[in-house]
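Asker: Put together the whole structure using the sequences plus the hints.
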Amino acid sequence: GNSVTQMEGPVTLSEEAFLTINCTYTATGYPSLFWYVQYPGEGLQLLLKATKADDKGSNKGFEATYRKETTSFHLEKGSVQVSDSAVYFCALSSTGGGNKLTFGTGTQLKVEL
Amino acid sequence: IAGITQAPTSQILAAGRRMTLRCTQDMRHNAMYWYRQDLGLGLRLIHYSNTAGTTGKGEVPDGYSVSRANTDDFPLTLASAVPSQTSVYFCASSDFTNSPLHFGNGTRLTVT
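For the protein sequence lines, the chains are A and B, in the order given. Counting in the numbering used here, the first sequence runs from 1 upward without gaps. Counting in the numbering used here, the second sequence runs from 1 upward without gaps.
Calculated directly from the structure, the hints in this document are not laboratory data. Quick caveat, the model's predicted, so the values are computed rather than measured. Incorrect hints may have been included.
[Claimed, not checked] Derived pair list, reagent style DSBU-like, types lysine-lysine, alpha-carbon separation capped at 30 Å:
no.	chain 1	residue 1	chain 2	residue 2
1	B	K57	A	K52
2	A	K100	B	K57
3	A	K60	A	K100
4	A	K110	A	K56
5	A	K77	A	K110
6	A	K77	A	K100
[Stated by the list, open to error] Going by beta-carbon spacing under 7 Å, a handful of chain A positions derived as facing chain B:
no.	residue
7	E42
8	L46
9	K100
10	F103
11	G104
Every residue gets a Cβ at the ideal spot worked out from N, C-alpha and C, and that includes glycine.
Answerer: In structure tokens:
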């Protein structure tokens, strides 16, 4: 079946540091890949997505590239801010699965001054 | 404001009691979903509905039931709550095409 593996957190960074959160997946066919962000007390919001191999999703300074050869979709940001503190979830939707998403376990990011 | 409304925000429930979590969306999305969020496990799909009048089982459906009488509402019922159902429950919706999910703010349920 489908699965998503994320690096465990929490990840603690200083403001303006470089961020990488690793995500790898197992899926049949050609899934679409997503990063969702959850701020404290809120539901998840879509951060970015990629629907085919070599696509790069980007939003708010975050980027992730769909790497089929390594089955990865790592999230990166060049300079994090305190306001980026949140929980980040990698997810996939499989071919023919509609929009039913399989989520990773989430990675908590804490950015300090 | 368009979006998803979940109620209640939080609830403490005695084991064995029946409970319905409410979810309403005003975006006229075809599909709706219920997820539970547990520490270390991420979000797991409980039930889903691709369109009004249809429902399907997700990854962890046991102990839960849903109905989809119309496009806007997708209630989740726990017929007889057990402590392992203590969790944060999120309702979500989307167009049936490959579009992102919109999430509500969640219901924090504690079963004692």
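Asker: Next step is simple, just say for each hint if it's right about the structure.
Answerer: Evaluated hints:
{"no.": "1", "hint": "B:K57 - A:K52", "result": "27 Å, holds"}
{"no.": "2", "hint": "A:K100 - B:K57", "result": "11 Å, holds"}
{"no.": "3", "hint": "A:K60 - A:K100", "result": "25 Å, holds"}
{"no.": "4", "hint": "A:K110 - A:K56", "result": "25 Å, holds"}
{"no.": "5", "hint": "A:K77 - A:K110", "result": "14 Å, holds"}
{"no.": "6", "hint": "A:K77 - A:K100", "result": "27 Å, holds"}
{"no.": "7", "hint": "E42", "result": "6 Å, holds"}
{"no.": "8", "hint": "L46", "result": "4 Å, holds"}
{"no.": "9", "hint": "K100", "result": "6 Å, holds"}
{"no.": "10", "hint": "F103", "result": "4 Å, holds"}
{"no.": "11", "hint": "G104", "result": "6 Å, holds"}
The structure agrees with every numbered hint stated previously.
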